[in-house]
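**Q** Chains A and B are the protein sequences, given in the same order.
Position in the first sequence counted from 1, then plus 19, gives you this note's numbering.
Quick note on numbering: this note's numbering labels position 73 of the second sequence as 71, and the sequence is numbered without any gaps.
In short, the hints are calculated from the structure, not lab data.
A portion of the hints provided could be inaccurate.
Said to hold, decoys possible - Per the computed footprint, the stretches of chain B lying under chain A, defined by three or more beta-carbons under 8 angstroms from a beta-carbon of chain A, are:
1) 110 to 121
2) 143 to 149
3) 194 to 202
4) 258 to 267
None of the values given here were measured: they were computed from a predicted structure.
Each residue gets a CB set at the ideal place from its N, CA and C atoms; glycine is no exception.
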Amino acid sequence: MCLGIPGEVVEILPDRPDLARVHVSGVRRAINIGLLSNDPPVPGDWVLIHVGFALSKIDEQEAAAVLRYLEELGSAYTDEMDALSQSMIE
Amino acid sequence: MRFVDEYRDSDTARVLAARIAELCEPGREYKFMEVCGGHTHTIYKHGIADYLPEEVSLVHGPGCPVCVIPMGRVDDAIHIASLPDVIMTSFGDMMRVPGSNGTFFDSNSEGTDIRMVYSPLDSLRIAKQNPDKQVVFMAIGFETTAPSTAMTLLRAEREGIENFSVFCNHVTIIPGIKAILDSPDLRLDGFLGPGHVSTVIGCRPYEFIPRDYGKPLVVAGFEPLDILQSVHRLLRQLHEGRCEVENQYARVVPWQGNPVALDAIARTMRLRPYFEWRGLGFISHSALQLRDEYANFDAEKRFDLPGVRVADPKSCQCGEVLKGVLKPWECKVFGTACTPETPIGTCMVSPEGACAAYYNFGRLTRRRVKEATTV
Ligand code: SF4
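Only chain A is shown next, with the shape it has when bound in the complex (with noise of 0.2 angstroms):
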């Protein structure tokens, strides 16, 4: 649940200003961008996803390095992933 895992913010959905549609290797889900509500990401950008929530933006460079390192974390990754593809925030 430490984790956090880099997504890249594909929309914002329209009705919802708080809500983003992310890609998380092959998955795509809604997180909550509140908590960058201060300076929000735009299509295209990477953030830090945990627990649900866009905890910080980060860059290309730096998601594929975090992803790198998640891969190699074996189940602890992929129970996390398990968890995340059947949360279905709104």
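Model the placement of chain B with the ligand on the given structure of chain A, informed by the hints.
**A** Quick look at chain B with the ligand alone, frame taken from chain A:
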């Protein structure tokens, strides 16, 4: 040579290792604590310790939120879950944490409905879908996670959702570090500061560590190179007679933290007078509870809790491991009675726990590193 490939940039790693060795004064020993469980994981997984000279050792700190949950709180959660018409929700990592009568999984086999969720917002959704049930979110985590609970509470309030409440077990990192600094058991030379917690709280809250305790702290990222670089920075400070907070992870951690997140916490939660940490005992002002304005959402107020303090099992030495006094393999039950499948202590449950990390990777990595570095 798989090991070297894994290092991404093995040249940089070697240069850093050499620089680290150069900075060590002969005859002096250096003990640095990595506060965060994510770092512990990287350190074991990549055999960082074996890349460091013998004078430098890394000891594990209390920065794994699952590991510090005391048994009594698990029991309280199970008690709430066993009341009629309650759905308890929790992060997956909590499901296998032993309380005095078993885990959430055990409790479910006896009829409770404790569900794993990815986000507190999922818990809120379950509440909306089940208006005839009480839905409780078992909130755990340091300042990394507390803002998510806070934002969910603000949302629940805005939407007037009456059957949702939070069983708040959020802890704050600074008092944990302070308890370690005040403990007579351990002499430390510096800290690797936690990465994700710091994205929220920033670097300022650590400034008392160099100021009042004379120890440097470097906020570190999670890659193997981040850890080596941070160790190098700590040694360089000691070598140059400096003692400061540095931010090695500036690419993610802003010095000021995240003001929106801090504000969400401050609006919904306040410090508890004291809270028990597994193995470390009661630490004052070390945890968060809901503000009175949010009493309607506070599971501790909504339900009657036994709130019994339960001593850790006798065989369990998690406290010593959490304080960095013992290495995981020095615990008497490590790897025999206590394994990730049958954990006795919490440090074996979460993948960020020192015992689980060492159990999964440590022994393997040691062997591999020895082979790789003697090539
Ligand atoms: S081996 Fe088990 S009981 Fe011993 S310290 Fe680790 S988690 Fe605790």
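**Q** Give a verdict on every hint.
**A** Evaluation of the provided hints:
1. 110 to 121: holds (count 7)
2. 143 to 149: Since three or more residues must qualify, the claim that chain A covers the segment 143 to 149 of chain B holds, with 4 doing so at under 8 angstroms.
3. 194 to 202: holds (count 3)
4. 258 to 267: holds (count 3)
Violated hints for the displayed structure: none, as all numbered hints are satisfied.
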